[in-house]
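Enquirer: The task is simple: from the sequences and hints, build the whole structure.
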Amino acid sequence: MPMTTAPTEQPEQGVTPDIVRRLIAIVGADAVTAQDDLMSDPDWPLRDPYWVPGDETYTAGVAVHPTTTEQVQEIVRLANETGLPVSTHSQGRNNGYGGSSPRVGGSISLSLRRMNRVLEINEELAYAVVEPGVRWFDLYDELRARGSRLQVSVPDLGWGSVVGNSLDNGVTYLPYGADFQAPCGMEVVLPDGSLLRTGMGAMPDNPAWHTYKRGVGPTLDPLFIQSNFGIVVRMGVWLMPSPEAYAPLLLTVAADGDLPRAIDTVRELRLANRLRGVPSFYNTLMAATMTGVADVIARAEKGFLPDDDVQRIADETGLGRWYLRSALWGSRAEVDLQVRQVREAWERIPGSTLSVQGVYGPDEYARIASISDRITAGVPNLDVIKHKGEGFGHIGIAPIVPMVGDHVMEVVDLVRDIIEQRTGLNYKAGILVVNERSCALVSSINFDPRDPDQARAAYATARELVAELAARGYSEYRAHLDFMEDVAGFMSWNDHAYRRFVTRIKDAIDPAGVLSPGRYGIWPSSRGSHPPRS
1 MPMTTAPTEQ
11 PEQGVTPDIV
21 RRLIAIVGAD
31 AVTAQDDLMS
41 DPDWPLRDPY
51 WVPGDETYTA
61 GVAVHPTTTE
71 QVQEIVRLAN
81 ETGLPVSTHS
91 QGRNNGYGGS
101 SPRVGGSISL
111 SLRRMNRVLE
121 INEELAYAVV
131 EPGVRWFDLY
141 DELRARGSRL
151 QVSVPDLGWG
161 SVVGNSLDNG
171 VTYLPYGADF
181 QAPCGMEVVL
191 PDGSLLRTGM
201 GAMPDNPAWH
211 TYKRGVGPTL
221 DPLFIQSNFG
231 IVVRMGVWLM
241 PSPEAYAPLL
251 LTVAADGDLP
261 RAIDTVRELR
271 LANRLRGVPS
281 FYNTLMAATM
291 TGVADVIARA
301 EKGFLPDDDV
311 QRIADETGLG
321 RWYLRSALWG
331 SRAEVDLQVR
341 QVREAWERIP
351 GSTLSVQGVY
361 GPDEYARIAS
371 ISDRITAGVP
381 NLDVIKHKGE
391 GFGHIGIAPI
401 VPMVGDHVME
411 VVDLVRDIIE
421 QRTGLNYKAG
431 ILVVNERSCA
441 LVSSINFDPR
451 DPDQARAAYA
461 TARELVAELA
471 ARGYSEYRAH
481 LDFMEDVAGF
491 MSWNDHAYRR
501 FVTRIKDAID
511 PAGVLSPGRY
521 GIWPSSRGSH
531 PPRS
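Numbering (UniProt numbering), first residue to last: 1 to 534.
Treat the hints with caution; some may be incorrect.
[Said to hold, decoys possible] Below, simulated SDA-like cross-link-like pairs (lysine to any residue); rule was C-alpha separation at most 20 Å, straight line:
#1 Lys386 with Asp43
#2 Lys388 with Trp159
#3 Lys386 with Gly292
#4 Lys386 with Asp295
#5 Lys302 with Lys388
#6 Lys302 with Asp448
#7 Lys302 with Gly292
#8 Lys213 with Leu223
#9 Lys302 with His387
#10 Lys388 with Arg450
#11 Lys386 with Trp159
#12 Lys388 with Leu425
#13 Lys213 with Leu195
#14 Lys386 with Ile371
#15 Lys213 with Gln181
#16 Lys388 with Gln454
#17 Lys386 with Pro449
#18 Lys302 with Phe392
#19 Lys388 with Pro45
#20 Lys213 with Pro175
#21 Lys388 with Asp451
#22 Lys386 with Asp448
#23 Lys213 with Met200
#24 Lys213 with Gly170
#25 Lys388 with Asp43
#26 Lys213 with Ala126
#27 Lys386 with Gly96
#28 Lys302 with Asp451
#29 Lys213 with Ile121
#30 Lys388 with Pro49
#31 Lys213 with Gln226
#32 Lys213 with Ser227
#33 Lys213 with Glu124
#34 Lys386 with Ser370
#35 Lys302 with Thr423
#36 Lys386 with Arg374
#37 Lys213 with Asn122
These are calculated hints, taken from the structure and not from any lab test.
Expert: Spelled out as structure tokens, the structure:
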């Protein structure tokens with residue numbers, strides 16, 4: 001049965017002139033942004049750019065930009081004193097999932113963008129230590145400036161935070177992207193303003209802090225992922241030595257009906273360690289977006305394309321009905337062997353194709369032209385969105401599905417039918433193979449964020465999908481703040497044992513709920529709990 005008590009979703013006290021003065025005293029006047037200026041921040045809007053226009057449900061009361069851990073601690077202590085919650089973001093570019101907006105409107109938006117130092121790069125042990133404002137661009141540039149032999153696993157867009165992406169289970173695509181392996185060792189500001197170091201960092205000056213993912217006793221790092229138990233102000237991230245040879249692959253599936261066989265083939269290749277990283281399938285129209293086919297992108301955004309048109313695009317572009325982006329990394333001999341092994345397996349799928357887009361040494365990445373190939377080379381960029389107009393908004397829906405072809409096809413069919421029926425636009429999807437046994441089926445609900453009716457309809461469609469998927473036993477792996485409650489509510493085994501357990505943790509460390517209350521459905525008992533929407 002659902003949990004039925006509704007939380008208090010607005011702070012009892014709003015932002016007052018006295019609170020603003022005290023924030024200015026902590027960080028300086030140029031580091032405090034008034035509510036009226038949240039959308040005009042020169043870096044990026046300090047609220048969700050894709051939320052319903054005119055609706056202030058998730059608008060912060062003020063934003064503050066600390067530059068040091070000590071300032072973060074002071075802000076958290078102020079929140080405890082005043083009862084006004086803080087909602088933290090790193091870069092605030094979590095588009096499709098709520099951006100930098102707080103779950104509780106009127107909160108202090110605690111932006112960590114200006115905490116942007118690369119604190120350490122260890123060449124011998126292949127890791128970096130970064131603050132939460134460090135973007136993928138920043139870490140990549142620092143590695144290049146030092147002439148490093150190391151490279152970082154990057155996502156599709158390089159403007160996000162390395163820490164922020166990790167704390168929401170964001171996907172990257174090189175080998176350390178598989179199963180979210182890169183983060184290791186955190187420094188965290190707790191809800192009372194005190195500091196904690198996880199893993200081996202709990203011992204002063206322990207040199208294994210960022211090399212060993214466990215510690216002594218319970219491992220705490222995962223508690224700070226998709227939670228509101230602390231503010232991560234420092235994190236280790238594992239890097240990969242640049243390989244002798246990097247070979248991006250382009251694999252295609254000719255027919256929709258062959259997707260299950262392709263999924264099963266990739267599973268077996270991953271289990272045999274013949275494909276590494278995060279191979280990613282994209283259907284025809286999403287593949288056109290990911291590879292920058294501008295005329296197809298423009299046509300798809302104007303309205304629904306009949307299947308015959310989609311098939312024509314699949315044939316003309318060579319992208320097929322499903323396109324698989326993958327890559328190989330290693331010595332030249334290893335890469336040559338793996339190409340043969342992958343080709344042998346892939347050619348068993350009727351009408352499929354495999355092409356090697358080139359073989360590059362670490363000094364040759366600058367000549368890689370393809371958007372997709374630069375991503376799997378670890379070169380951050382923004383090219384995938386360069387053809388997007390102002391009227392483009394999206395919401396992400398992303399259930400985790402076992403890597404079995406029939407499972408995946410069931411979910412693809414369900415999501416496609418609902419999105420196309422409700423929005424009148426073609427289904428655009430990616431299937432990210434996050435480990436050997438599971439994939440995230442990432443679907444985009446597209447709409448014009450300038451149109452309130454379109455926006456409301458898109459969010460209603462998202463909530464419908466969450467419920468329909470849950471009815472079939474599938475859960476999101478991340479969620480927009482507008483339906484975090486729904487997703488958490490469906491994790492209901494044993495009378496919501498999980499929800500009751502995380503509430504007990506929240507009550508123990510943050511009974512007043514000053515840190516991001518409601519994030520992923522976690523509230524202290526003092527604010528109640530929230531049911532899924534009916």
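Enquirer: Decide, hint by hint, whether the structure agrees.
Expert: Here is how each hint holds up against the structure:
Between the alpha carbons of Lys386 and Asp43 the distance comes to roughly 17 Å, so the proposed pair stays at or under 20 Å and holds. For the given pair, Lys388 sits about 16 Å from Trp159 by alpha-carbon distance, which is consistent with the 20 Å threshold. A threshold of 20 Å between alpha carbons decides the hint, and for Lys386 with Gly292 the separation of about 8 Å falls inside it, so the pair holds. In summary, the hint linking Lys386 to Asp295 is supported, as the alpha carbons are separated by about 13 Å, within the 20 Å threshold.
Straight-line distance between C-alpha atoms of Lys302 and Lys388 comes to about 12 Å, which keeps the hinted pair within the 20 Å bound. Taking the CA atoms of Lys302 and Asp448, the gap is about 11 Å. The hint holds against a cut of 20 Å. At most 20 Å may separate the alpha-carbon atoms for a hinted pair to count; Lys302 and Gly292 meet this at roughly 17 Å. In summary, the hint linking Lys213 to Leu223 is supported, as the alpha carbons are separated by about 13 Å, within the 20 Å threshold.
For a cut-off of 20 Å, the pair hint linking Lys302 to His387 stands: about 13 Å separates their Cα positions. About 14 Å separates the Cα atoms of Lys388 and Arg450, which keeps this hinted pair within 20 Å; it holds. Between Lys386 and Trp159, the direct Cα distance comes to roughly 13 Å. Compliance with the 20 Å bound is thereby established for this hinted pair. This hinted pair checks out: Lys388 and Leu425 have alpha carbons roughly 16 Å apart, not beyond 20 Å.
A distance of roughly 19 Å separates the Cα atoms of Lys213 and Leu195; the hinted pair therefore holds under the 20 Å criterion. For the proposed pair Lys386 and Ile371, the alpha carbon gap of about 11 Å is at most 20 Å, so the pair holds. Under the criterion of a C-alpha separation no larger than 20 Å, the hint pairing Lys213 with Gln181 is consistent with the structure, at around 9 Å. Between Lys388 and Gln454 the alpha-carbon distance is near 18 Å, which keeps this suggested pair within the 20 Å criterion.
Distance check on the hinted pair: Lys386 and Pro449 sit about 18 Å apart at the alpha-carbon level, within 20 Å; holds. For the hint linking Lys302 to Phe392, the alpha-carbon distance of about 11 Å falls within 20 Å, and the restraint holds. Taking the CA atoms of Lys388 and Pro45, the gap is about 17 Å. The hint holds against a cut of 20 Å. Our distance criterion of 20 Å between C-alpha atoms is met by Lys213 and Pro175, whose separation comes to about 17 Å.
For the suggested pair Lys388 and Asp451, the alpha carbons sit about 17 Å apart, so the restraint of at most 20 Å is met. A threshold of 20 Å between alpha carbons decides the hint, and for Lys386 with Asp448 the separation of about 17 Å falls inside it, so the pair holds. Pair hint Lys213 plus Met200 holds up; C-alpha atoms about 8 Å apart against a cutoff of 20 Å. With a C-alpha separation of about 18 Å, the suggested pairing of Lys213 with Gly170 holds against the 20 Å cut-off.
For the hint pairing Lys388 with Asp43, the CA-to-CA distance comes to about 19 Å; that is within 20 Å, so the pair holds. A distance of roughly 14 Å separates the Cα atoms of Lys213 and Ala126; the hinted pair therefore holds under the 20 Å criterion. In summary, the hint linking Lys386 to Gly96 is supported, as the alpha carbons are separated by about 17 Å, within the 20 Å threshold. Restraint check for Lys302 and Asp451: satisfied, since their Cα atoms lie roughly 15 Å apart, inside the 20 Å limit.
In summary, the hint linking Lys213 to Ile121 is supported, as the alpha carbons are separated by about 18 Å, within the 20 Å threshold. Distance check on the hinted pair: Lys388 and Pro49 sit about 14 Å apart at the alpha-carbon level, within 20 Å; holds. Distance check on the hinted pair: Lys213 and Gln226 sit about 18 Å apart at the alpha-carbon level, within 20 Å; holds. As the CA atoms of Lys213 and Ser227 are separated by approximately 19 Å, the hinted pair is consistent with the 20 Å bound.
Straight-line distance between C-alpha atoms of Lys213 and Glu124 comes to about 18 Å, which keeps the hinted pair within the 20 Å bound. Between Lys386 and Ser370 the CA atoms are separated by roughly 14 Å; this keeps the pair inside 20 Å, and the hint holds. Restraint check for Lys302 and Thr423: the C-alpha separation of about 12 Å stays at or below 20 Å, so the hint holds. Between the alpha carbons of Lys386 and Arg374 the distance comes to roughly 15 Å, so the proposed pair stays at or under 20 Å and holds.
Taking the CA atoms of Lys213 and Asn122, the gap is near 16 Å; set against the 20 Å cutoff, the hint holds.
Of the hints listed earlier, there is not a single one the structure fails to meet.
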